[in-house]
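There are 2 protein chains.
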Amino acid sequence: MSTAAQSLNLTTPTDREIRTERIFNAPRERVWKALTDPKLVAQWWGRGNKLEVVKFEFERGGHWRFVEHGPEGSHGFEGRYREIKPQERVVQTFEWDGMPGHVIVETMTLEDLGDGRTKLVNVSLFHTNQERDGMLNSGMEGGMNESYAALDKLLARLG
Amino acid sequence: MSTAAQSLNLTTPTDREIRTERIFNAPRERVWKALTDPKLVAQWWGRGNKLEVVKFEFERGGHWRFVEHGPEGSHGFEGRYREIKPQERVVQTFEWDGMPGHVIVETMTLEDLGDGRTKLVNVSLFHTNQERDGMLNSGMEGGMNESYAALDKLLARLG
Numbered sequence: 004m005s006t007a008a009q010s011l012n013l014t015t016p017t018d019r020e021i022r023t024e025r026i027f028n029a030p031r032e033r034v035w036k037a038l039t040d041p042k043l044v045a046q047w048w049g050r051g052n053k054l055e056v057v058k059f060e061f062e063r064g065g066h067w068r069f070v071e072h073g074p075e076g077s078h079g080f081e082g083r084y085r086e087i088k089p090q091e092r093v094v095q096t097f098e099w100d101g102m103p104g105h106v107i108v109e110t111m112t113l114e115d116l117g118d119g120r121t122k123l124v125n126v127s128l129f130h131t132n133q134e135r136d137g138m139l140n141s142g143m144e145g146g147m148n149e150s151y152a153a154l155d156k157l158l159a160r161l162g
Numbered sequence: 004m005s006t007a008a009q010s011l012n013l014t015t016p017t018d019r020e021i022r023t024e025r026i027f028n029a030p031r032e033r034v035w036k037a038l039t040d041p042k043l044v045a046q047w048w049g050r051g052n053k054l055e056v057v058k059f060e061f062e063r064g065g066h067w068r069f070v071e072h073g074p075e076g077s078h079g080f081e082g083r084y085r086e087i088k089p090q091e092r093v094v095q096t097f098e099w100d101g102m103p104g105h106v107i108v109e110t111m112t113l114e115d116l117g118d119g120r121t122k123l124v125n126v127s128l129f130h131t132n133q134e135r136d137g138m139l140n141s142g143m144e145g146g147m148n149e150s151y152a153a154l155d156k157l158l159a160r161l162g
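Just so you know, the protein sequences line up as chains U and X, in that order. Converting from the first sequence to our numbering requires adding 3 to each position, the first position being numbered 1. Converting from the second sequence to our numbering requires adding 3 to each position, the first position being numbered 1.
In short, the hints are calculated from the structure, not lab data. Any given hint could be a false lead.
One copy or two, either will do: identical chains are not told apart, so a pair holds if it fits within one copy or between any two.
Below are the DSBU-like pairs computed for lysine-lysine, each with C-alpha atoms no more than 35 Å apart in a straight line [said to hold, decoys possible]:
{"no.": "1", "residue 1": "Lys58", "residue 2": "Lys36"}
{"no.": "2", "residue 1": "Lys58", "residue 2": "Lys88"}
{"no.": "3", "residue 1": "Lys42", "residue 2": "Lys58"}
{"no.": "4", "residue 1": "Lys156", "residue 2": "Lys42"}
Given only the sequences and the hints, what does the whole structure look like? Please build it.
If you want it as structure tokens, here you go:
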């Protein structure tokens, strides 16, 4: 089993979507826990910045809201859970306070690779191509790499 | 100036949009007030049913939430304001509790027809064609006609 950092594979399947794929060196149950326990989410989602979990109603129809406190200021993010299939799949919306009313649908899938590793696939669907491109140009990929590096460390600590 | 009830003109400009157009026999300022004062909204939005205005933060980034109490049960609706241009334009999101995480972007425009009448244009943008068709098949047109008939009456009372 490799312990080297895995790389993020980002593609654009359609003109309104972004798909990312990332392998984690941890079994699916542990990855699921890190993604769905608010105390653990607070340890990686904010890329090392302090993350305030304001709301985490983890059920269909429930709302979530995080505020990330970074050196350059605070940013609020929120959304609502559309679908939850334990260990396998979460569909939720995502909205940044800086662009209110611009709502992304995120479909997150966890795949057990059978060798103690887990593949996390995230597909983001935007209302328009412009919103999709705005996200691509926002430094999203670097931000995800930072978050996932923090998640790598958390998963190792939990092991 | 006609006082006859006006008809709703519904079209589908693209496969993810619904556009409606409706004329009201009232000046734009009065229509704007009926659309943006929560006490007035409660008198027409719910099609004659009791409407509870839970949240009405009418500013960019603010949230709104209504609960309609009808004979067949209660339905919650909510969203967030993306853009407000007084007297002219509101862009907001719309989500029904029954389908959480399915978010519509609504762009509402008021046009002063110059003869004491006002044209209200509403364009709804969906993430997918299936969601758009689901809305078309939900009885939306009948519901809008009921709401707008209640709005006609309210505007006449305010005159």
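Intra- versus inter-subunit Cα pairing at 35 Å for Lys58 with Lys88: Result: close both inside a copy and across copies, 20 Å intra and 31 Å inter.
Status of Lys36 relative to Lys58 across identical chains (alpha carbons, at most 35 Å): both (17 Å within a copy, 34 Å between copies)
Alpha-carbon proximity context of Lys42 and Lys58, limit 35 Å: both (12 Å within a copy, 29 Å between copies)
Intra/inter-copy verdict for Lys156 and Lys42 if alpha-carbon distance must be at most 35 Å: within (15 Å within a copy, 52 Å between copies)
Of the hints listed earlier, there is not a single one the structure fails to meet.
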